[in-house]
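For this one, chain Y is given, so just place chain Z on it according to the hints.
There are 2 protein chains.
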Amino acid sequence: MLHHMESMVRRTQDSICTALEALEGGAQFCTDVWVRPEGGGGTSRVLQNGRVFEKAGVGVSVVRGKLSEEAARSMGGGQGLVGEETLRFSAVGISLVLHPHNPMAPTVHANYRYFERGDGTTPGSWWFGGGADLTPSYLFEEDAKHFHQVHANACQKHDLTFYPRFKAWCDTYFYLPHRGETRGIGGIFFDDLRDRAPLALFDFVSACAAAFLPAYLPILERRWQMPYTEEHKRWQQLRRGRYVEFNLVYDRGTVFGLKTTGRIESILMSLPLTSRWEYNPNPPEEGSQEAELLAVLQKPKAWLSP
Amino acid sequence: MLHHMESMVRRTQDSICTALEALEGGAQFCTDVWVRPEGGGGTSRVLQNGRVFEKAGVGVSVVRGKLSEEAARSMGGGQGLVGEETLRFSAVGISLVLHPHNPMAPTVHANYRYFERGDGTTPGSWWFGGGADLTPSYLFEEDAKHFHQVHANACQKHDLTFYPRFKAWCDTYFYLPHRGETRGIGGIFFDDLRDRAPLALFDFVSACAAAFLPAYLPILERRWQMPYTEEHKRWQQLRRGRYVEFNLVYDRGTVFGLKTTGRIESILMSLPLTSRWEYNPNPPEEGSQEAELLAVLQKPKAWLSP
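Quick note, the sequences are listed as chains Y and Z, same order.
Count along the first sequence from 1, then add 6; that gives the number in my numbering.
Count along the second sequence from 1, then add 6; that gives the number in my numbering.
Because the hints were derived from the structure by calculation, they are not lab data.
Note: identical chains are not told apart, hence a pair may lie in one copy or across any two.
In silico DSSO-like cross-links for lysine-lysine, where the CA-CA straight-line distance does not exceed 27 Å: (1) K151 - K307; (2) K265 - K305; (3) K239 - K151; (4) K265 - K307; (5) K239 - K307.
Excised from the complex, chain Y in its bound form (with noise of 0.2 Å):
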């Protein structure tokens, strides 16, 4: 499963990185290749200052090593292990996070990962988890329904409870209690995925990384382009602040990265390029644009309600 999912990761990470390059018509990813003392190691591939994009990074990582007894004990799948087989862990992922130059165009985050403990062979010693989600900074419906749809008939082929679950798992996941805020207008969220046969549930895997560029891309092609004033550009700064508290306040990824041996550079490599905090800022005007954005992150929406 590791080579699987190893290889299904790096096709993805092309795939993405060649169609996004195809729209910036000139910028490239540059390619990092890390390794990681404890074992493994992975490929970043980010581009900065583009033509479309402020920041876009696409990582995948492919790590092995021990566990400390802490992150063991508070981890899923160690049943069943015994020794040193408890702090043994594999792990497979791909992610990425894409935040455009232009305030109608939103960021973007996906993850999907394949995590094992002990050789894997275990039952239930092995799980996968992922998803992907929206940020916009101006909302348009018409975009949150494509997203959503695409991701729902991703999950649908492959059990009709995954959808409204994972959908609802999202709005949970990316809340910022602080602000009584989502981050975004969510998508597909998952974690300890393992109630059936890991081939099916890679399967599924597969299919929502795969459902990634019919999902984003047709919405930043329609909004790269827009013409935005100062005001927007404004609001769109202190969208990405709240992006950034979120990241380094709740985000488990990433305070779990920043307070072990990750590779710092990929785990903050989902920053935005700029961002911006005012001190308690007038709240939107009633009836504005910025006013309906928050109004569907304080309460998340049903967007494929038939």
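Structure of chain Z alone, referenced to chain Y:
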């Protein structure tokens, strides 16, 4: 003591804001008086986009209420209290963060606070905390020495061990493990101070608060109009990103505030107006001013060594 402290921090807030407005020569602090539903409130004074400052916030808070069981357990000063008394608290403090526009002018932070549990009469149920630290983007040794010297003088009138202990504590506290760097070039930091008569410690904390303007203003006056390039500004913005990382990931007050019912705008007043994260930027060239700063952040220096 609550009244003594409140009157001291309010006077300090006034004198600092008045001095900074004089330097601004036009822009003024806006004043927000806020009430905490659980008890008490505060006065936040903020100046944004002035001539000197990108963002300057000076806040006073005078709050009281009930600790959660968890907060009460994890906190000192609870010995000897029983029942409801264990949960009652009062706190009075001043907290300021000033971010100048000019990359040659350092960011500065100071905070002085008094805390008591129960009615504050049980021995050991009250304490003082605080400190001041300087975060330059470009290092001027004379600035670092001056800032430390003024605070050392304030300490040494009270206890010869204070400055060396609190200087070291500051270097330890303002450290970002994931970057292997301190946030800035230090200053003083102390907490849980209750090892002598309350009035003696109040005098000490008052002296530190009074040291703020003489410590910082001369530095600001010689830096805020220095010429600088776009490259200097970029470096400042990257350093501001580190400031955000420290405050959101490690700063106890911020993290505690975010996870409880603090007033969010006052808690995040410390964040810079703008900041920047580039993916894996080239390290500064050897011998450059940027490399010189990093060297002292990676290995804190004894600024006042004889």
